[in-house]
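**Q** Below, each chain spelled out in residue letters.
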Amino acid sequence: MKKAKLFMDTVVDIQVVASGKSADRAEAQIDRAFAAFRQVEQACSRFSPDSELMMACRQFGTPVPVSPFLFEPLKFALEVAKWTDGVFDPTVGGLMEEHGFNRHYLTGQTILSPSAESVTYRDVIVNERDRTVLLRKPLVIDLGAVAKGFAIDLAASELREFDGFVVNAGGDLFAGGVDESGSDWEIGIRHPYHKDQIVQSVTVSNEAVCTSGSYERKSAKVPGTHHLLHPKTRRSPNVWISCSIIAPFAMMADAMATAAFLLVENRGKTFIEQTGTKGILITPALQIVTVGGI
Amino acid sequence: MAKMDKKWVALCSAAIAAVYAAGYVTTETEAAPAQTPQQYAQTDVQSGGGWASQADPFGQNGQASKSAGQPGKTSQSKKLYKDGTYTGMGSNRRGSIQVAVTIKNDKITDVEISHFAMHYSESDVVGLPGEVLQKQSAHVNNVSGATYSTQAFEDAVQDALTQAKNA
Amino acid sequence: MTAGQWIKSPKGYVTVALAACLLIASIGAFDAKGIINGVVAVAVSVAADIVCALIGKRKRIMPDGAVITGLINALVLSVTTSLFIVAATCIVSILSKHLLVAKKKPVFNPAAFGLLLSVPLFHSGQSWWGAFGDLPAWTIALLLLGGYAVVNRVNKYPQLFAFIGTFLFLLFMMGCFHVGDAADALRPPFINAALFFAFFMLTDPPTSPAKTGGQIAFGILAAVVSAAVYACFGGLMYLFIGLLAGNLYHLLKARLSTGKEYRRGA
Numbered sequence: 001m002k003k004a005k006l007f008m009d010t011v012v013d014i015q016v017v018a019s020g021k022s023a024d025r026a027e028a029q030i031d032r033a034f035a036a037f038r039q040v041e042q043a044c045s046r047f048s049p050d051s052e053l054m055m056a057c058r059q060f061g062t063p064v065p066v067s068p069f070l071f072e073p074l075k076f077a078l079e080v081a082k083w084t085d086g087v088f089d090p091t092v093g094g095l096m097e098e099h100g101f102n103r104h105y106l107t108g109q110t111i112l113s114p115s116a117e118s119v120t121y122r123d124v125i126v127n128e129r130d131r132t133v134l135l136r137k138p139l140v141i142d143l144g145a146v147a148k149g150f151a152i153d154l155a156a157s158e159l160r161e162f163d164g165f166v167v168n169a170g171g172d173l174f175a176g177g178v179d180e181s182g183s184d185w186e187i188g189i190r191h192p193y194h195k196d197q198i199v200q201s202v203t204v205s206n207e208a209v210c211t212s213g214s215y216e217r218k219s220a221k222v223p224g225t226h227h228l229l230h231p232k233t234r235r236s237p238n239v240w241i242s243c244s245i246i247a248p249f250a251m252m253a254d255a256m257a258t259a260a261f262l263l264v265e266n267r268g269k270t271f272i273e274q275t276g277t278k279g280i281l282i283t284p285a286l287q288i289v290t291v292g293g294i
Numbered sequence: 001m002a003k004m005d006k007k008w009v010a011l012c013s014a015a016i017a018a019v020y021a022a023g024y025v026t027t028e029t030e031a032a033p034a035q036t037p038q039q040y041a042q043t044d045v046q047s048g049g050g051w052a053s054q055a056d057p058f059g060q061n062g063q064a065s066k067s068a069g070q071p072g073k074t075s076q077s078k079k080l081y082k083d084g085t086y087t088g089m090g091s092n093r094r095g096s097i098q099v100a101v102t103i104k105n106d107k108i109t110d111v112e113i114s115h116f117a118m119h120y121s122e123s124d125v126v127g128l129p130g131e132v133l134q135k136q137s138a139h140v141n142n143v144s145g146a147t148y149s150t151q152a153f154e155d156a157v158q159d160a161l162t163q164a165k166n167a
Numbered sequence: 001m002t003a004g005q006w007i008k009s010p011k012g013y014v015t016v017a018l019a020a021c022l023l024i025a026s027i028g029a030f031d032a033k034g035i036i037n038g039v040v041a042v043a044v045s046v047a048a049d050i051v052c053a054l055i056g057k058r059k060r061i062m063p064d065g066a067v068i069t070g071l072i073n074a075l076v077l078s079v080t081t082s083l084f085i086v087a088a089t090c091i092v093s094i095l096s097k098h099l100l101v102a103k104k105k106p107v108f109n110p111a112a113f114g115l116l117l118s119v120p121l122f123h124s125g126q127s128w129w130g131a132f133g134d135l136p137a138w139t140i141a142l143l144l145l146g147g148y149a150v151v152n153r154v155n156k157y158p159q160l161f162a163f164i165g166t167f168l169f170l171l172f173m174m175g176c177f178h179v180g181d182a183a184d185a186l187r188p189p190f191i192n193a194a195l196f197f198a199f200f201m202l203t204d205p206p207t208s209p210a211k212t213g214g215q216i217a218f219g220i221l222a223a224v225v226s227a228a229v230y231a232c233f234g235g236l237m238y239l240f241i242g243l244l245a246g247n248l249y250h251l252l253k254a255r256l257s258t259g260k261e262y263r264r265g266a
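Those protein sequences? They're chains A, B and C, same order as listed.
For what it's worth, full-length UniProt numbering labels the leading residue of the first sequence as 1, then goes sequentially.
For what it's worth, full-length UniProt numbering labels the leading residue of the second sequence as 1, then goes sequentially.
For what it's worth, full-length UniProt numbering labels the leading residue of the third sequence as 1, then goes sequentially.
Because the hints were derived from the structure by calculation, they are not lab data.
Computed from a prediction, not measured in an experiment: that's the story for all the values here.
Check the hints yourself; a few may be wrong.
To be verified - Partial pick of chain C residues on the chain B-facing surface, computed with a CB cut under 7 angstroms: (1) Tyr157; (2) Gly165; (3) Leu168; (4) Gly175; (5) Val179; (6) Leu186.
Ideal Cβ positions, reconstructed from N, Cα and C, are used throughout, including at glycine.
This is chain A alone, in the form it adopts within the complex (with noise of 0.2 angstroms):
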């Protein structure tokens, strides 16, 4: 059984093999699936004034409580920044959208918040017992390398019930158990020029697979960017055109991808060793590395 909709801009496909279950029962789940993207989308938008994100953002100087949907995958990314040394940054959003990247991909409509000059994942501040969220100086939060994952990953513990399933939210995907001729999930890898052809395919379980590409989204504003950017250097690294990273959580997958993509070479390759992850990366030349053994 299979589903689509669009959410956090991009299309979320749902795919459940269900033997032996009714077909009610596995529709159900899916929609519960399919929830958790639209909840995740509510908490985390980075486009909607409205979202809660959104409405912490514009509250400085104070603590604000937020739902768990937000929460955890803010600590989640400023975790990452932390070990990266705020290479992988949450608080870009302000530069994103100076980029171009600020129009809601449903009502079209474009948003513009007040950012500080220069800030850090350290004028962000989250407070563990109370479940609140501080800013320490006006940003704006960009969880799009996270709040996908997080979505994926919440989706997919509302399908664990059945023989086989993925969860595939734009080329972010967790696999759980078998595929229909129950062997483990063939999943490939999108070549970086051609979108109608993958480079490599890896079989997985109840693994993710996520992939930061440059090839996509590419700023409309600032030529030679794209939407990855380098929180420093306010651009967009180019020592990879793609780095996936298959990794037991989406929204670890997503963040390292994202990380090991803005990551100078060496530091990417070790950051994936250290977290035990594994990754495929693709450099401009069409090279590939792989980390991790694969």
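Put chains B and C on the given structure of chain A with help from the hints.
**A** Structure of chains B and C alone, referenced to chain A:
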């Protein structure tokens, strides 16, 4: 030379219109699935925009809130859209795409892709992996990194919104 | 031939009608991209036609047919098609017109041939935007208006009615027996495509018969093939395939009748 009398032209045209109408009617149910006007009772009138009414103890909200002005979100007693699920068709350059848009309290809560017409090669439609994969391997049904643009759906969503609009 | 005479010729009628389609569809879509495509398509078609005529040492170099071919191609190919593909499709069309000939006349409708090949060759997207598929349904009335004027001028009513009548009847039957996706074909933008096709492509005088009997057979054959292709495969190629089948029938029939009573419609 096959010159036809005006009368015959008119008669033929009428006959053809009748055949067309018959075909149109027979396929009516297939073409318009579930245009469900599930109107929820409009009891909850939208109060002032979510953020505008929020407490602002430090008074720092002033300049921030201005930047996020969004039409329809200001204090309005009338909603922009009727609640319910609306079917929108986008049948522009790439084939017809049908979406079911659910609206609640002026917010799009759900956009389901209910139908892709197969008249155009699917990879043209949105670069859907389906076609992609046949070229590669029959086993690979999912591709990581194969993002596709939601642009193709914009028209269909707009179409649904037009239907949902409160007069 | 003066401009005034030319306007009143069948080719003049078709050109004016197609140019009007181009303008209306572009204005309706607030998009000048289609006009650019149109200009490029016409320019490339005319250039290719002149080159072919020079190589073939034709006495009469009159690329007015190429203008029509270019316009049709531009109106069918999606406005987002790259200019390279628009140009390439036009070149294929014009080449077919000059290379695939019988008795100095093109066998296949050049536009249909080019557009059909352009799908496998260039993966072109065809939206039939010039048939107002993206505009409100009432614009079909404009299409009918222009279409009738053209068909009247070229005296192709029997062919038009045979085609549309058969085609719609077959779709109706498909709708009754739930074969294929008749519902789509009867609605915009596909019905627009079928009408545009029937008015402006099917009726092309050099590639279709002039006599009433021949016209009816041609129309029915094209409709049957189109509907069959549509029922079996869907897609967007059904109209072209139907027309090319009709063209072939026309060729064979002309061959058999030794051409003695064969006269051009225009």
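**Q** Where does the structure disagree with the numbered hints, that is, which hint numbers, in rising order?
**A** 5
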